[in-house]
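K.L.:
Letter by letter, the chains look like this.
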Amino acid sequence: MQMRRMNNSNLLRAPQMLLVIFWSAAAAAATDPAAPSISPTNIFAPASTPAQSIFGLSLFVLAVTAAIFVVVFTLLTYSVVKFRKRSTDDGREPPQVYGSNQVEVAWTVIPVLIVVALFMATARVIASVQKAVPSSNAIEVVAIGHQFWWEYRYPALGVVTANELHVPVSDDNHPRPTFIKLLSADTDHSFWVPRLAGKTDLIPNHPNSMWIDPHETGVYLGQCAQYCGTQHAKMLLRIYVQSRDEFDRWVQEQRQRQPSGDVVSEGQRIFETTACVNCHTVAGTVANGRFGPDLTHLMSRDTIAAGASLNTPENLRLWIRNPEAIKPGSLMPAMELNEQELDRLTDYLETLR
Amino acid sequence: MSTDAIVLPRTEPLSRPLVDTLHEWVTTVDHKRLGILYLGYALLFLVVGGIEAGIVRIQLIRAHNDFVSPQVFNRMFTMHGTTMIFFVAMPLVFGFANYLVPLMIGARDMAFPRLNAFSFWLTAFGGLLLYFSVLGANGLYGAGNAPDVGWFAYAPLTSRTFSVGHSTDFWTLGLLVSGFGSIGTAINILTTILCMRCAGMNLGKMPLLVWLNFVMSGMVILAVSPLTAAQLMLLVDRYLGGHFFDTQAGGSAVIWMHFFWIFGHPEVYVLVIPAFAFASEIIPVFSRKAIFGYPVMVAATICIGFIGMSVWAHHMFTVGMNSNANTFFVLSTMAIAVPTGIKIFNWLATMWGGKIEFKTPMLFCVGFLFQFLVAGLTGIMLSAAPFDWQLGNSYFVVAHFHYVIVGGILFTVFAAFYYWFPKMTGKMCNETLGKLHFWLFLIGFHLTFDFMHVPGLLGMPRRIYTYEPGRGWDVWNLIVTIGVFFQALGTTVFVVNLVWSYFKGRAAGPDPWDAWTLEWSTPSPPPAYNFVSIPMVKSRRPLWDLKHPNDPDWKYE
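Protein chains in written order, with our numbering: chain Y, 1 to 353; chain B, 1001 to 1557.
If you're looking for bench data, these hints aren't it; they were derived computationally from the structure.
DEER-style ranges, computed between Cβ atoms: (1) Thr-1161(B) x Met-299(Y): 31 to 37 angstroms; (2) Thr-1161(B) x Glu-314(Y): 32 to 38 angstroms; (3) Leu-1478(B) x Pro-207(Y): 37 to 43 angstroms; (4) Ala-66(Y) x Ser-1533(B): 52 to 58 angstroms; (5) Phe-1328(B) x Val-70(Y): 27 to 33 angstroms; (6) Leu-1240(B) x Gly-289(Y): 30 to 36 angstroms; (7) Asn-278(Y) x Gly-1241(B): 23 to 29 angstroms; (8) Thr-312(Y) x Ile-1061(B): 24 to 30 angstroms; (9) Thr-1161(B) x Thr-312(Y): 32 to 38 angstroms; (10) Thr-1161(B) x Glu-266(Y): 35 to 41 angstroms; (11) Ile-1255(B) x Glu-266(Y): 47 to 53 angstroms.
Note that the Cβ used here is the ideal one computed from N, Cα and C, for glycine as well.
Whenever a hint applies, use it, and build me the whole structure from the sequences.
P.N.:
Here is the structure:
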């Protein structure tokens, strides 16, 4: 596929340096040493072509606006200080000036020229990001926003998962971008992983798309960026960028269905005879609900409740017993099971690897 | 020209029954009293909206805070936004326009005094209707609740599926009712300006404030009408089984966005153009110079009015418009920076070579100039669509538009209060308290809104009731919240100042600032019907001509 990069690095070097100094100073004050830069969601730490194009443009815009700021700020400060009324004032009115066409033309034409430059740089980046077409080896994902979680389907690979998106790394030697089709099952949402790309909304009845090509492996964070209801805040995004081998292995694992043996555990019986199956799917069993996340490989995920909590047995048990404790307002109901049933059900879910 | 005015003999007894006074205020059609009603109403809601903002900020002071529940938080930011735009900013704008426009054009009242009263009471009851949701949304016997759909109430969150109960209906009806009030007032202002100007005041001799309110009123008619239409469609969807915005039945969520923002963006200019108007009156008087480039200022305003109607979809860069549409709205949005820049330069040139006196109104105007500069520049960043794909709906945007609305509009509104309070009450505001207010509010403003940009750059979306630790957002949010307390303190000083000055302030006299426009030729406060004989003007600064008979303006204009 064709991906044009911003090619004005010389022009941008000076402001870039300033920015680096600023951010590294800020980084010293950052509290969490584990974060990749000062923040895992810093828009100025791009790791994918769309985010990098935006970063390049943003440096240009920041440089231009900073220059305007310095000039006008200086003029304003100068006039406020210089022309203040002195204590030695003679009490007469200053000379009255009504205007000047020459200066008006000057401060009209110069801003027009600046606007033209900014516009052209912007139009170029819009085209480069929006007009990219998928290459033949691109991964295709359908992301569906739900109140308040993410469903991911890989139609070509036969994989369905939730909340944690896995994509392969895409470096210069092996470019393999991921194109994401964005749908919504209910209200508006927005897909925003700042280090990989700008945000794009998921709107019901209005399919959108976006693409990423992460250059380095790792976990990239983000979250829903369009208010979608009570738990908008805990609709977190995690993108796992894996090496090609790891990604292929992950796909193989995800395609496995759960074995449907004759011997059904007590936990599975509880799962399949209560309301759980109305909303959740476990491939290979009778559970085929679509309202909540697919649980076929629940244990392959690091988090539950769309990133609101770590996927530990204790949290899982609490989540089933009382979702309000983790995510008040979530659409998962409390299952009203007794302690023993909770233990058995949690044991069963722990087997969904 | 005549500067005589009616001086009413004090025949009535000094203390009258309270109910008589109240009756007079409720039934008044006097533009000055209605103006003051608007302003008082707006200040009341400013306090309410401010408390809501405070609750939002306390909740966000640190990660995983649990000061309020997510439900309450969502209601708070919805009510804060709705209140501040529709029941604080709009009434402030209309209040000053009502009070000042007839006085400045030498008229005895608005063109339609009773429509004026009707419009005010519509606005007032619209606000009450919105707040009645707190009691009535789920019926009086159940627990009522306030709307929680956000101030731009995107579909389909407002549909009956996702918004159960009546809170969204109160939101819709409150805005619908006050919207009719706004349209009524706008028609009134337009007609007044076109038909009621005194002898000699052709369009080119109107004070800039009048010109700017003229443009503002035209925009209100064009912008509030689509909002009204959208609210009606939403009501049809919710009660008559319509599918305008019902996505599950083939409706369009994006259409609501277009309807809302073709109101929503011009609304920004509806609010900021009157702010420009205050600055354009106050800066010249305290610089002791005529406004620089009057015809250019008028042209730039009209230009902003027209371009302002064609930029709305820059609120929608992330909804998946095609690249041509995105590019168009980048261009129109960037273009508006040019006339806005011209305005800043003209104010600068007005101060240049003057003798600037830093009374409280001027302090607020200077604050406005610096802050509006920054707001404009962050606006340029957001106008670059790809940059907006990152910044849109983040705290950067929240910081940007608060820079416009608080740093730009509210600062000039404070300036206007200090500047015209003597005219309205006959008493001077306390200058020491005024300066204390200015510095407290300035510190609070910058602590809050300067630092609010940063979490946006670090990926923090707006409207989240809590956030995860370890994202580098905590310290910035702490500083932002601390700033709110300074702003609250500053606003308290302001209210104390108004009350104290009303009772104990020094007498102002008709023209305390040695100013140049017609309102200062009347006594303070001006009597009913303003002018004994309609004045006649020969220039834009009739009082300058009067004070400098040897060097009048009309020789040069």
